[in-house]
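Undergrad: As you go down the protein sequences, you meet chains D and S in turn. The numbers in my numbering rise by one with no breaks, and the one at position 155 of the first sequence is 155. The numbers in my numbering rise by one with no breaks, and the one at position 493 of the second sequence is 493.
It is worth saying that the hints were derived from the structure and are not from the lab.
Which bits of chain S does chain D cover? Going by a derived footprint, with three or more residues having C-beta under 8 Å, they are:
id	stretch
1	325 to 333
2	339 to 352
3	367 to 381
Here are some chain D residues pointing at chain S (derived, C-beta under 7 Å):
id	residue
4	Arg196
5	Thr198
6	Arg211
Glycine included, every Cβ here is placed at the ideal spot set by N, Cα and C.
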Amino acid sequence: MTDMTSVRFVDRMPKFMRRLDPAVTTAFACILLLLIVGSFYSTSFLSPEYLLQQLKVASFLGVIATGMMLVVLMGQIDLSVPWVVSTGAMMACAAAAYGPIGAALAIPFGVLCGVLIGLVSGFGVAYLRIPSMIVTLATNAVAQGLMVVYTGGFSPQDSATPAMRWLATGALIPAVPNAVVVWALIGAAMVFILTRTTFGRSVYAIGNRERAAYLSGIDTRRVVLIAFAVAGGLSAFGGVLLAGYASKAAQSMGDAYLLPAIAAVVLGGTSILGGRGSYLGTVAGVILITLLQSILSVMQMPEAGRQITYGIVIVAMLLLYGRTPASRG
Amino acid sequence: MQTGQAEPLFRMEGISKRYGGVTALEDASLTLRAGRIHALLGENGAGKSTLIKVMSGVVAPDEGRMIFDGRDVSFASPAAANDAGIVCIFQELSLIPDLSVADNIIVSDPPMRFGMIDRATQRKLAEDALARAGASDIHPSALVKDLPLSRRQMVEIAKALARKPRILILDEATSALTAADVKKVIDVLKRLRDEGLALLYISHRMHEIAELADDCTVFRNGNYVATYKAGTKTDDEVVELMIGREYNHVFPPKPVRQVDQPPVLECQGLGWIGRLRDISFAVRPGEVVGLGGLDGQGQRELLLALFGVLRGTTGEVKVDGKPEMISSPSKARGAKCGMALIPEDRKTEGLMLPMTVRENLSFAALDRVSNAFGIIDTAKENALIDEMVKLLAIRTAGVDIPVGALSGGNQQKVVIAKWLMRQPRIILLNDPTRGIDVGTKQEIYQLLRRLADDGAAIIFYSTDYDELIGCCDRVLVLYDGEVKRELAGDEINVHNLIASALNISTAEAAARVGGRA
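My request is simple: use the sequences and hints to build the entire structure.
TA: What follows is the structure, given as structure tokens:
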């Protein structure tokens, strides 16, 4: 009986305490380390304004990485991020050009475009059994082509709606940027989905053993399809926020988000092979990546050096994590 | 041709091999002579496979010695055994489909000239090997993937011959072949014997053994039983030699069957790409129906076909008298069919090992504990999990540890429990007691009978004949994808099971056993 009560107690504990993943603690330790290093270069590095600004920048990546995490948890990958982000941004801005109704529907329309691209990718992976790496590269190329046709290869002239700008730059709660609130809401929803719904359990199960999940009577193909659609929608939503932040969409505005999104997910302890990882880790990974980028710019390193350092640090961290054996049998 | 009295070419003595706690071979011995074909007989798990793995360097024995050509030998790898002259042709084909026949035959040690493969010599060698294998009609530069299965098997033999073996082992090498091809292979093997090779032949086809073998050795339970000259024993005597397991299980009593209830599952003319052929049977509620036969005769495929895993099945499956198209596991487990499948390999098919006991237990029944939006009712989930942990007495330090941390027996209980959560009406079990401890086995036997008494229909495949005898009301014996025989009541005994598994007619044997009982 005592055994059972202790089990109950463990149940009540928050998930991150129950399974304190070493990767997540490492990620948070790295964040602290970066903050300390950063404070040597600039005293303003630890000021609340600067940190909130960082958090705001991080929230764009955070939204995109949320979708990426869902896909990586299944042992897949989404390489269509760059142009799904751009598509979401451009389509939302394009809708804004069609009067008040267009403006009202701008955000959902942008997200919908991302969902559609995600559905195509998901269909290819789940039903046609093409490796996700290939399918999403292809959908990325197609999305790029469509956008180039639409814009004629120039930066589109449409600008973001006030709602988009407000979401990205406004502050409903004083001093807290709306983008951060949006990320927090999406994050909370994702935590709930991953831990408390049949869909979330199925995602983890597919990442661990797709065959076992299938033989348990789960429609694994549908789960994969939906996960890719959600990931596409979140990437596009990230693009919508970015467009709001910059007031307009731009060609290849999503290019800078593919590697950081994957890196954030993996640095946060999600196994690239799938089946293992917590959202808290992804949050840590996103903040870590954002701080790293920020510090490199604070150090006033030339762009080329920044890219090189950034790449090396990510590879080094991934190597470090890759050494911890995944608990697969 | 050498005389049989000469010093044997190969001898193994006192060979033992254990895998964890399971003894696969115990003090086994075997003697091979040049110029003779030696057949190896035994039922599932008799130790045949382990024996040839030891011989061909795939596994190292724990004890014992091997004498080859008068010298003590031990093989570190299959390549070492190959070099010594022992070559094995396994049941699964080892050819690379996208390479040519010649490339495949000379894959391990191609002739070199100036650091490059000497194509002309290679082709010559391949042609020689094919000719020796009696398959000179196969073009050396044809791609293996363009050849039909039976031709590939001939290439496989040629590949083995190209390694200049002195001992050739054939493990079920004819199981993929048509009758005409088997005839050819038999001729080739006889010629190789006359050339002075020693052949070790493993097959479940008794008529091939009768035609080919000079000597036969019977194994049982990992032990050597007897060696005799071919033709000196009748089929019945051979079966008797193969019988003889130790009975160490206690089975719950079988109740008197009520035959009045209509069958819950009916299967008519079920087939699947030649691996299952015209299988028809019916199962009533409360019945435990066993699937018998040697390993790999279609039992697994039958269970998977019923559960909707296989594509392209033919025939009709009726549940509650109504035809059902079961096209996926999610349909099979649905309310209309109410099926559950305890799969063969719990580590890759039954469980997600790194996930918790909780997540695994409730996984197949998540739709039962969640609302329309798929949000899990934790209280309901916990209640069901507690119930199952108690019902099956799953020994775990808590439900939030990875299921991979449990013992094999407890893991298997989790697999069974996860399906019992759905209260299935038709339970398919694929060798559920393999690799688990005796205590847990007993618990599973009791559980199966209890589930049947509660009205479930159970189809139970086991490679252990004792289980079939102890647990089942009826046993369907499969051979080559067909139900060859149905045993019921007192007919379910070891003799009948082995005889029908080997597809040898033992009408007189059945009568004798019946008379004795």
